[in-house]
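Line order of the protein sequences matches chains H and B. Position one of the first sequence corresponds to residue 1038 (our numbering), numbered consecutively onward. Position one of the second sequence corresponds to residue 1038 (our numbering), numbered consecutively onward.
Read the hints as simulated data drawn from the structure, not as lab findings. Incorrect hints may have been included.
[To be verified] Stretch-level coverage of chain H by chain B, calculated; a stretch enters the list once three of its residues show a Cβ under 8 Å from a Cβ in chain B:
# : stretch
1 : 1178-1185
2 : 1319-1327
[Unchecked claim] Examples of chain B residues lying across from chain H (beta carbon under 7 Å, computed):
# : residue
3 : Ala1169
4 : Asp1178
5 : Gly1321
6 : Gly1327
7 : Pro1333
Glycine residues also receive a C-beta, built at the ideal position from the N, C-alpha and C atoms.
There are 2 protein chains.
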Amino acid sequence: MVGAGAVGSSVAELAGEYGHTVTALADSQSAAVDPDGIDVQAALDRKSAEGVVGGGDVTDALDGSYDVLVEATPTTLGDAQPGFGHVETALERDRHVVLANKGPVAERYGDLRDLERASAGTVRFEATVGGAIPVLSTVEDFGPSHITAARGVLNGTANFILSRMAAEGLGYEHVLAEAQDLGVAEADPSFDVEGTDAALKCVILANVLAEDREYTLADATVEGISDLPGSALELANEDGRTIRLIGEVVDGEVRVGPRLVPEHAALAVTGTRNIVQLETTNAGQLNVSGRGAGGPETATAVLADVDRLPE
Amino acid sequence: MVGAGAVGSSVAELAGEYGHTVTALADSQSAAVDPDGIDVQAALDRKSAEGVVGGGDVTDALDGSYDVLVEATPTTLGDAQPGFGHVETALERDRHVVLANKGPVAERYGDLRDLERASAGTVRFEATVGGAIPVLSTVEDFGPSHITAARGVLNGTANFILSRMAAEGLGYEHVLAEAQDLGVAEADPSFDVEGTDAALKCVILANVLAEDREYTLADATVEGISDLPGSALELANEDGRTIRLIGEVVDGEVRVGPRLVPEHAALAVTGTRNIVQLETTNAGQLNVSGRGAGGPETATAVLADVDRLPE
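For reference, chain H alone in the conformation it holds in the complex (with noise of 0.2 Å):
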């Protein structure tokens, strides 16, 4: 385990539960070691304590003895560094790899999928789109040839400022001070609210669906909701609609924007539930819908993956 956030934390305390053994368990500046299985309430009473999980680093955590290296550092953007340095060195290894961290798979996918080909590990990485939702297994289940279209409400933050927007007619300064008090938008809100994240998103499912091409983050057409007036939402909602800010890869281009939905329609999800929805050519359209956030929920989805992965 590389990354001790939410994620990386929730993943640790479920892991035996599901029945793994965590042996180690690294931040950007610790690291708890331990081949035989580390204690891991103990690193993370530490970590709240001291401000370090352990006595190593991550070098440690690297070169230990572990079956499959779980990456759940802080998506970066560009070279997705330090992440994907973990995963190279993993995947070197021949160990397997499962993702949280959006960075290596959305930036640095080609060289991502270059480093499993020369590599006995796999990687998976269902986690980066849509939290606990299985959006990346139904991919692989139908088969990226029989998916035409992918579009949905992939960030829980912006869906719930516009779900308040809508439900009680205030401003987008009012409404994210709010989330911001809830801790459901974080301090700096852009990566959310200017659409990056749900753009990175889109840009993971176009890899995967596309079969000729990469894309990068570069590749989206993107604009986030902090410039949306309330008065769009209250005309929306004169018309029975509302607006959500909707990602899709269609056509093979990404775009991720505010888009008029009907109000009851499936994509009008609220709060800070996510929702996609696949268009398929044998079996018409299909919706999965969930918590697109959160440490334990995205933290089922890092283990299914892990159960996922070849012996």
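For this one, chain H is given, so just place chain B on it according to the hints.
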């Protein structure tokens, strides 16, 4: 392939697109068999023209050359024959089995698992619950022990009738006749409108979720919609609610019956759509919805199962 109705025909027609060879296609009267691959279209054309798919019979198909038996004969209750016998023959030959037929999984789950344990073959049955919707694979991903309850709309015919009654203020008999004209309801609709079909799907879910007991249709409490007065839907509507035929597996109990649900709730899907809600221990509520019936739709679930089989 045994069974050449809507689902069986669709599986046979789509198998090539998914990279598989159909070495036999049988219905109750006849079979086309060729270890190098039959001409699927010719067999289906012959069935239309002459009433038989080929010159052999089902025994020739079951004794022939194949890696996977797809069992898609009509669901039967009690001893679940002849479907169960087909499955038995294949497993005793150490072949894999993918079921679209609900009978063996709902009525003889213990016997089915016993046969599987004694075989080198594996049994899968995604297509038996929710058509194209990946219900059972999602349960498998989360792990049955992490799912505390399941509920949903699992019969498209009953849901079509209730949706139309609510939307148009029409009576049951009128809408049933309309559904029969549209091909949404069968001439004898009792399997759908009395809740039997939804109950079988819930029993299968209960079997998959249960750690320590086996369920059959006899364990389910089932009430249908044929006695539901239009006035009940009107009363519900005045209160912002509607009525759906809901199946649920909660606390070891299997129940199907008409239930009040909020008018715009996720459970209030319209038309022939199905939805399943799973309550999970660590990831909250997950919804999956889509087409719960239809030949090509259900065939995609069969073919996804084939891809999930071990080598």
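Hint by hint, here is what the structure shows:
no.: 1; hint: 1178-1185; verdict: holds (count 4)
no.: 2; hint: 1319-1327; verdict: holds (count 9)
no.: 3; hint: Ala1169; verdict: 4 Å, holds
no.: 4; hint: Asp1178; verdict: 4 Å, holds
no.: 5; hint: Gly1321; verdict: 5 Å, holds
no.: 6; hint: Gly1327; verdict: 4 Å, holds
no.: 7; hint: Pro1333; verdict: 4 Å, holds
Violation of the numbered hints given earlier is absent; every hint is satisfied by the structure.
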